[in-house]
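Given next are the chains, with one letter for each unit.
2 protein chains.
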Amino acid sequence: MKNSELPYAVSIQIIKEKHNQIKEIMKKIGIECWLIYARETEVNNEPVLPFIVGNDIVWDAMFIFIAKNQDFKKIAIVGNFDVTTEEKKGIWDEIYGYKEGVSSDAKATLAKYNPNKIALNYSLSDVSADGLSHGLFLKLENMLEYYKEKFVSAEKIIQFLRNVKSETELALIKKACEVTEEINRSVTSNLRPNRTEIDIQNEFHDTMANIGVIESWQKQSCPAVDAGPEKEFGHVGPTTGVTKKGHTLHNDFGIKWQRYSSDLQRMWFFGTKEEVPEELRHAFETVKGAIRKASQTIKPGMKGFEVDKIARDHVISRGYEEYAHGLGHQVGRATHDGGVLLAPLWERYGESPKGTIVKNNIFTLELYVKTKNYGWVSLEEMIVITDDGCKFIVPPIEDFIYVM
Amino acid sequence: MKNSELPYAVSIQIIKEKHNQIKEIMKKIGIECWLIYARETEVNNEPVLPFIVGNDIVWDAMFIFIAKNQDFKKIAIVGNFDVTTEEKKGIWDEIYGYKEGVSSDAKATLAKYNPNKIALNYSLSDVSADGLSHGLFLKLENMLEYYKEKFVSAEKIIQFLRNVKSETELALIKKACEVTEEINRSVTSNLRPNRTEIDIQNEFHDTMANIGVIESWQKQSCPAVDAGPEKEFGHVGPTTGVTKKGHTLHNDFGIKWQRYSSDLQRMWFFGTKEEVPEELRHAFETVKGAIRKASQTIKPGMKGFEVDKIARDHVISRGYEEYAHGLGHQVGRATHDGGVLLAPLWERYGESPKGTIVKNNIFTLELYVKTKNYGWVSLEEMIVITDDGCKFIVPPIEDFIYVM
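Residue numbers (the numbering used here), protein chains in the order written: chain A, 1 to 404; chain B, 1 to 404.
Please keep in mind that the hints were generated in silico from the structure rather than gathered at the bench.
Please read all numbers here as calculations on a predicted model, not as lab measurements.
Don't be surprised by glycine CBs; every beta carbon is placed ideally from N, CA and C.
Be aware that a few hints might be false.
Claimed, not checked - Calculated cross-link-like contacts (lysine to aspartate or glutamate; reagent style EDC-like; alpha-carbon spacing at most 16 Å):
{"#": "1", "chain 1": "A", "residue 1": "219", "chain 2": "B", "residue 2": "5"}
{"#": "2", "chain 1": "B", "residue 1": "88", "chain 2": "A", "residue 2": "232"}
{"#": "3", "chain 1": "A", "residue 1": "88", "chain 2": "B", "residue 2": "232"}
{"#": "4", "chain 1": "B", "residue 1": "219", "chain 2": "A", "residue 2": "42"}
Stated by the list, open to error - Derived coverage of chain A by chain B (criterion: at least 3 residues anywhere in the stretch with Cβ under 8 Å from a Cβ of chain B; other residues may be distant):
{"#": "5", "stretch": "56–68"}
{"#": "6", "stretch": "134–141"}
{"#": "7", "stretch": "209–222"}
Could you build all of it, start to finish, from the sequences and the hints given here?
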C-alpha cells in the first residue's frame with residue numbers, strides 16, 4: 001500500500017540522520033570500529049540495515065564504521081553488482097565491490113585502521129541489536145581470527161541509533177498515530193450491536209485499504225478485535241462473537257505510515273455513559289489511572305522497570321491481579337522496536353528493563369485488568385520522552401467511546 | 001495485495017506437509033532433537049518459522065521436534081498469550097505456555113527425552129538454515145549448559161524441509177510463474193520506442209496491482225527494467241533511459257502468489273526478427289544455449305557446481321567472458337531460497353555449490369553475456385527437478401519478443 005512505503009528520498013534522509021548519530025555514539029562510548037555483516041536479507045533480515053543502508057542486500061556484505069581520533073569513515077564492501085546502488089546514495093566514504101568474497105577488503109580495512117574494539121551485532125537481551133546470525137559469527141571468527149579478541153557487542157550503538165528517534169522519524173510516527181485514530185473514528189461511525197468481530201475487522205482492513213496503509217503487525221490480529229465479556233484478549237484472531245448492548249468492544253491496532261508504526265488500544269461501550277456498570281467503570285479508571293501515573297513520572301534517566309512498577313503497583317493497590325506482560329515497549333520501524341523495555345525483571349525480558357530511558361524514545365504505555373462480570377479492560381497509549389518528562393503523541397483516551 | 005497473501009488454511013496445509021518431511025529427514029539422518037529458538041520475529045525473522053509455525057512470534061519461543069525410537073513428538077513452548085493461537089492450528093502434540101520464561105519447560109523436555117544430538121539453526125553457508133542469532137545461541141549455551149556438547153547444525157533438516165517442495169508448494173510456484181508471464185504479455189502489448197524505463201516499470205507495478213500481487217523482491221528493482229546498450233544490468237533501479245528502434249529491452253521480474261515466488265528474465269527487440277544484428281543474435285543463442293545445455297544435463301545426484309560449469313564452459317567456448325555470478329538459485333517462499341546453489345566454487349558461495357541436487361528442488365537457470373555494441377543479453381528460466389532430469393515450470397523463451 002502506497003502510504004506504508006518509505007519513499008527513497010525520505011529513506012536516504014533518515015540514513016543520513018542515523019549516520020550522524022553513529023558518529024556521536026561511537027565517539028562517546030569509545031568504540032573505534034562497528035562492523036555489520038549480512039547476506040540475503042530477504043531471507044534472513046538484519047534489523048539494523050534499514051537505518052544504515054536502506055535496502056535488502058543479496059550477497060555477503062560488510063558495512064564498517066570507523067571512529068578513530070578525528071576520523072569518521074563509512075565503508076561499504078558489497079558484491080560487484082551492488083556497487084552502483086550504493087554509489088547513488090551518496091552516503092559512503094569508500095565503496096568496494098568484490099567478485100569472489102568480502103574477506104580481502106575487510107582485512108585490508110581493519111589492517112589500515114587497527115581499531116581498539118570491533119563491535120558486532122549480537123545481544124542476549126535486545127533482539128534489534130542481535131542481527132548477526134550464529135553462522136555469520138563463526139565465519140567472522142575464521143575470517144578475522146587475528147582480531148577476534150576485540151569483538152564486543154554493538155548493542156549500545158544500536159540502541160542509541162534505533163531508540164533515539166530523529167526529527168524525520170518522530171514526524172512519521174506521529175502521522176501513523178493520527179491515521180490510526182482517523183480509522184478508529186471512521187469505523188466507530190458504523191458500529192452497532194450484533195456485528196461479529198470478523199465483520200468489524202474486515203471493516204478496519206477495508207478502511208485501511210482506502211487510505212492506502214498496511215497493518216503494523218500480522219493482519220490476522222491487527223487490529224485485534226475483542227467483543228464482550230467472554231473473549232480472551234491477546235493475539236487471537238477475530239471470531240464470530242458479536243457486539244451486544246451493555247458489552248464492551250476492544251481493539252489493539254496500528255498501521256505503518258512510510259514504514260513507521262503506531263500501536264494503540266481503544267475501548268467502546270454499547271450504551272450510554274450512565275449505563276456503564278460500577279465494576280467496569282472501576283476497571284476502566286484503574287487502567288487509565290495506571291497509564292496516567294506512569295506518564296506523569298517517566299523521564300530521562302529512569303530505568304525501564306521503575307516505570308513498570310508504578311503502573312503495576314497502582315493496579316494491585318486497586319485490588320486487581322497484575323498484568324502478565326510489560327507496561328511498554330518502544331515503537332519505531334518495528335512495532336516492538338527493541339531497546340529498553342518498561343517491564344518487570346522477569347526472565348523473558350532479560351536485561352532490557354534495566355536500561356535507561358532517554359530523550360526522544362517512543363514508548364507504549366499499555367495494560368489490562370480483568371473484571372469478574374464484564375471481561376477484560378485494556379488500553380494503550382504512545383508517548384515520546386522529552387527533556388524532563390513525556391508527552392502523548394496523540395490525545396489519550398479519556399473514557400469509553402459510546403455507541404448507541 | 002490479496003493474491004500474494006497466504007490463506008490460513010493453505011498455510012496450515014503446508015505446515016502439515018512440512019512436519020511430515022521433518023519426521024522423514026530426522027529419522028534418516030539420525031538426529032533425535034531439533035530445537036528452534038526465536039523471539040520477536042517481526043524485528044528479526046527466523047526463516048524456518050513459516051514452514052513449521054506459520055506466524056510471527058513475539059516472546060521467546062521454542063519449537064522442539066523429537067524423533068527417538070518409534071516416537072515423533074512436536075512440542076511448542078510459547079508465551080502464555082500465544083497458547084490459544086497454537087492450539088487452534090492442531091499441529092502440536094504438546095503446548096506449554098509460560099509467564100516468565102522458556103527455560104524450565106525446555107529443560108524438562110530435554111531431560112525427558114535425553115536426545116543424542118540437538119540440532120540448532122546455524123550454518124556457515126546456507127542463510128536459510130542460519131536463523132539462530134548469535135545472541136540467542138549464547139543464551140542457549142547458558143540455559144542448556146548440560147547439553148551443549150550435543151549441539152549440531154540443523155542445516156540438513158532445513159535444506160530438506162525448505163528445498164524439497166511439497167505438492168502444495170509446487171502448485172503455488174507454478175501459478176506465480178504463470179502470472180508473471182501473463183503480466184509480461186500484458187505490458188508487451190503497450191511497448192513501443194521512446195518510453196522510459198521508469199514509465200515501463202510503473203506499468204508493471206500498475207498491472208500487478210490490478211491482479212492483486214506484489215513483487216518478489218524489492219520494488220525498486222522488481223522488475224529490473226533495462227533499455228538499450230548503455231545500461232548496466234543488475235539491481236539498479238530504472239532510469240530515464242528510453243527504448244529505441246534497433247535496441248533491446250530486458251527485465252528481471254517475479255511476483256508472489258500466496259507468498260510463493262517466481263523469478264524470470266525476458267528480452268524484447270524493437271524491430272523485426274530479420275533486423276536483429278548478427279552480434280546480438282550470437283549472444284542470444286549463446287545464453288539460450290547455455291540454459292538448454294544445463295537443463296538437459298541436470299538431474300538428481302549431481303552437485304551444484306557441476307551444473308554451473310556446463311553453462312559457464314559453453315559461454316567461454318563461444319568467446320565470451322564468463323558471467324560473474326552463479327547459474328542458479330533455489331526459489332520458494334523466498335526468491336533466493338537458500339540450500340544448494342548452481343554456482344562456481346568461489347568464496348562467497350561457501351559450501352552451497354557442493355550440495356547434491358534432489359527431486360522437487362526448484363532452480364533458476366540464469367546468465368548473461370556482454371556484447372560490444374548492443375549491451376548485455378541475459379535470460380532466466382525456472383525448472384523443477386524430476387526423477388531423472390528436470391522440466392521447465394513455464395515454457396522457456398525461444399527468441400526475443402519483437403516489438404514494432
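Here is how each hint holds up against the structure:
A C-alpha spacing of about 10 Å is found between residue 219 of chain A and residue 5 of chain B, which places the hinted pair at or below 16 Å, so the restraint holds. Annotation: proposed proximity of residue 88 of chain B to residue 232 of chain A holds, straight-line Cα distance about 14 Å (limit 16 Å). Restraint check for residue 88 of chain A and residue 232 of chain B: satisfied, since their Cα atoms lie roughly 14 Å apart, inside the 16 Å limit. This hinted pair checks out: residue 219 of chain B and residue 42 of chain A have alpha carbons roughly 12 Å apart, not beyond 16 Å.
Under the rule that three or more residues need a Cβ within less than 8 Å of chain B, the assignment of the stretch 56–68 of chain A holds, with 4 such residues. Only residues whose C-beta sits within less than 8 Å of a C-beta in chain B count toward coverage, and the stretch 134–141 of chain A has 6 of them, enough to reach three; the restraint holds. Chain B is given as covering the stretch 209–222 of chain A, and this holds because 4 residues of the stretch bring a CB closer than 8 Å to a CB of that chain, at least three being needed.
In this structure, none of the earlier numbered hints is contradicted; all agree with it.
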